[in-house]
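Engineer: In order, the protein sequence lines correspond to chains A and B.
In this text, residue positions in the first sequence follow numbering that gives the first Met the number 0: the first is 0, and each later residue adds one.
In this text, residue positions in the second sequence follow numbering that gives the first Met the number 0: the first is 0, and each later residue adds one.
Derived by calculation from the structure, the hints in this document are not laboratory data.
Don't take each hint at face value.
Said to hold, decoys possible - Listed next, the in silico DSBU-like pairs over lysine-lysine satisfying Cα-Cα at most 35 Å (straight line):
1. A:Lys37 x B:Lys63
2. A:Lys37 x A:Lys63
3. A:Lys37 x B:Lys37
4. B:Lys63 x B:Lys37
5. B:Lys63 x A:Lys63
Owing to the predicted nature of the structure, the values given are computational and were not obtained by experimental measurement.
2 protein chains.
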Amino acid sequence: MSAMAEPGSLAPSGAPDPDLPGIRTAVERTLDDFLDGKARDAERDDMPPEVIGTLRDFVLRGGKRLRPLLCACGWYAAGGTGDPTAVVRVGAALELFHAFALVHDDLMDRSATRRGRPAVHRALADRYRSTRDHATAERLGVGSAILLGDLACVWSCELLHTAPLTPRQFSALLPVVHAMRTEVMYGQYLDLLATGEPTADVRGPLRVARYKTATYTCERPLHAGAALAGGPEAVLDACTAYALPLGEAFQLRDDLLGVFGDPRATGKSRLDDLREGKHTALVALALDQGDPGQRAELLRLVGDSELDERGAARVRALLTGTGARAGVEHMIRARRAQALHALCTAPFPPAVAAVLRDLADSLTERSA
Amino acid sequence: MSAMAEPGSLAPSGAPDPDLPGIRTAVERTLDDFLDGKARDAERDDMPPEVIGTLRDFVLRGGKRLRPLLCACGWYAAGGTGDPTAVVRVGAALELFHAFALVHDDLMDRSATRRGRPAVHRALADRYRSTRDHATAERLGVGSAILLGDLACVWSCELLHTAPLTPRQFSALLPVVHAMRTEVMYGQYLDLLATGEPTADVRGPLRVARYKTATYTCERPLHAGAALAGGPEAVLDACTAYALPLGEAFQLRDDLLGVFGDPRATGKSRLDDLREGKHTALVALALDQGDPGQRAELLRLVGDSELDERGAARVRALLTGTGARAGVEHMIRARRAQALHALCTAPFPPAVAAVLRDLADSLTERSA
Chain A
0 MSAMAEPGSL APSGAPDPDL PGIRTAVERT LDDFLDGKAR DAERDDMPPE
50 VIGTLRDFVL RGGKRLRPLL CACGWYAAGG TGDPTAVVRV GAALELFHAF
100 ALVHDDLMDR SATRRGRPAV HRALADRYRS TRDHATAERL GVGSAILLGD
150 LACVWSCELL HTAPLTPRQF SALLPVVHAM RTEVMYGQYL DLLATGEPTA
200 DVRGPLRVAR YKTATYTCER PLHAGAALAG GPEAVLDACT AYALPLGEAF
250 QLRDDLLGVF GDPRATGKSR LDDLREGKHT ALVALALDQG DPGQRAELLR
300 LVGDSELDER GAARVRALLT GTGARAGVEH MIRARRAQAL HALCTAPFPP
350 AVAAVLRDLA DSLTERSA
Chain B
0 MSAMAEPGSL APSGAPDPDL PGIRTAVERT LDDFLDGKAR DAERDDMPPE
50 VIGTLRDFVL RGGKRLRPLL CACGWYAAGG TGDPTAVVRV GAALELFHAF
100 ALVHDDLMDR SATRRGRPAV HRALADRYRS TRDHATAERL GVGSAILLGD
150 LACVWSCELL HTAPLTPRQF SALLPVVHAM RTEVMYGQYL DLLATGEPTA
200 DVRGPLRVAR YKTATYTCER PLHAGAALAG GPEAVLDACT AYALPLGEAF
250 QLRDDLLGVF GDPRATGKSR LDDLREGKHT ALVALALDQG DPGQRAELLR
300 LVGDSELDER GAARVRALLT GTGARAGVEH MIRARRAQAL HALCTAPFPP
350 AVAAVLRDLA DSLTERSA
């Protein structure tokens, strides 16, 4: 079956409204079916069921599905209409790739929780603890989380390459996917190097946000969808103009939520980033704008692996008192405005521009 | 350019002899060029050079290139002739995938050396030690080795998908590649679980060898090459009949070398497997054949993370004294004979069968 979209075959006014809830449901069903097949394969081959079980649980139990939704938006933006099977499957592949990135990210950051539950390496270590000693269970937790992430990575390739795409669609899609994968890895590496070494220079964290979030989370998924619909250069450029500031704003919101958010809503600890010494724009601004006493106190507290809730409250007071928190809110507003402005001149069907406007609001104003 | 092989277009007697040294050189040049491009990309984007530098160094400084060579053999076996560009590029992708698997394997096994030099996570940790404290350097070593492995994985996909293949070749190749990637991950997982838990049942280690080595290292690379040449079922079956016993024999030799080998030749410590408590057929046989005293001593020494050269010498004496070492040598000979026997009836050009015969000898009799 060819699911090639037919750009321009309908006038914008005749194009159907983007059905993002329908896309989300279809993406989740695709992931469920695909991982169900992998579970059956594991059973057939008498493989231990916990790897696929833990991965399924992680992928299906939560997540914003942001990359698949933006992929679908890119497809609609470029005039994609008709059967969305291909764009759904490519979106599902992006989501599975993201599961891989998160599993390894939590391992590198030593984060204990994700989506309100134990991170994958913790869940696996807990499972082994019933039959192995503590040190062995910890070692197995790390090793099996590396492998589970690796499986998610290679399976995301399989999902992508079993999508019903024409050779022309593959040719347009693959350079986008290859660039995206490299960018997020380098973004993660820059993030890893900067962790524990905060400075007053906000350009460092913004560069990390660019690679880790702006291109990986926003621009490339839009481009992937647009590529499937055969979108011309002008559509890709408009996607970029919208996605890059939005992605930075999204990351800046994430940084605020990592420190000021409600863990019941975010599903993540709000001590992890501070204990790990994550170098965010928020911390950079506080170091830049604080007086010498505030700076010294921040440098002492941020990156203290034993930081408790009282110490974290003190950091929050410093981040607010130096004006850094308000400064980051200002940066978010400026970037959201830039993204919305880009939509004014974007050659997208009006209904798609409207959906992207709503997305810009919900992604930058979110509490989870 | 289409590099589709033309099976059957030349009678076997007219087919050129397989040029494995030429293939090896071409694979290494392909890897060099590809990684050179990645290094230039990193420089252009002002990325830290150590990730790509360490990966290049690791990929280009050694390795048997076994998977690319078997991939080429599969191509020749299925009657592949003419321009080998496609099979070389696919082989290079297999080699880069293998680099990814090794980097994560050394991390999970906590192996300090590989190919006679520090393992990637050790090399990176050593590099960070000049500017960071010990604990941070160790953490960065682990995190950056995870990311470097991940990059090698996604770049191996990129190498594969930029190979000059026809849609028909891709369709034939991808199921082989997808199966191979899943199998090796599960093999690694079974290996991880069994480590530190040796038993007298040889079936466990042989099952690990099947997934980790027999299919991943031998059968699938041969199938990948045969698929590129449009090889029929009979050729694929003959590849399997040759590859599975050969792969098991290769792994059994690896187990022996891991304990009895010369580290100057293997490039690996001969204490790592014993300290880690690697569950090999060698250890299983010794536990099965030893008397109660020998069993107890083996179980005490194998898996002792502090094992020294004197303890290792004692383990070697036990492995020899119980007859396990001779038993594994016998298993290797039986499997090599089975692989050679499969070649007698294989529908391969005679020159290809001759090359595969030589390979079976060198892979099972090797000292490195």
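Engineer: Does each hint fit the structure? Answer for all of them.
Structural biologist: Okay, the hints, checked on the actual structure:
A hinted pair counts as satisfied when its Cα atoms are at most 35 Å apart, and Lys37 (chain A) with Lys63 (chain B) qualifies at roughly 32 Å. For the hint pairing Lys37 (chain A) with Lys63 (chain A), the CA-to-CA distance comes to about 23 Å; that is within 35 Å, so the pair holds. For the hint pairing Lys37 (chain A) with Lys37 (chain B), the CA-to-CA distance comes to about 33 Å; that is within 35 Å, so the pair holds. About 23 Å separates the Cα atoms of Lys63 (chain B) and Lys37 (chain B), which keeps this hinted pair within 35 Å; it holds.
Of the pairs offered as hints, the one joining Lys63 (chain B) and Lys63 (chain A) is violated, with about 44 Å between alpha carbons and a cut-off of 35 Å exceeded.
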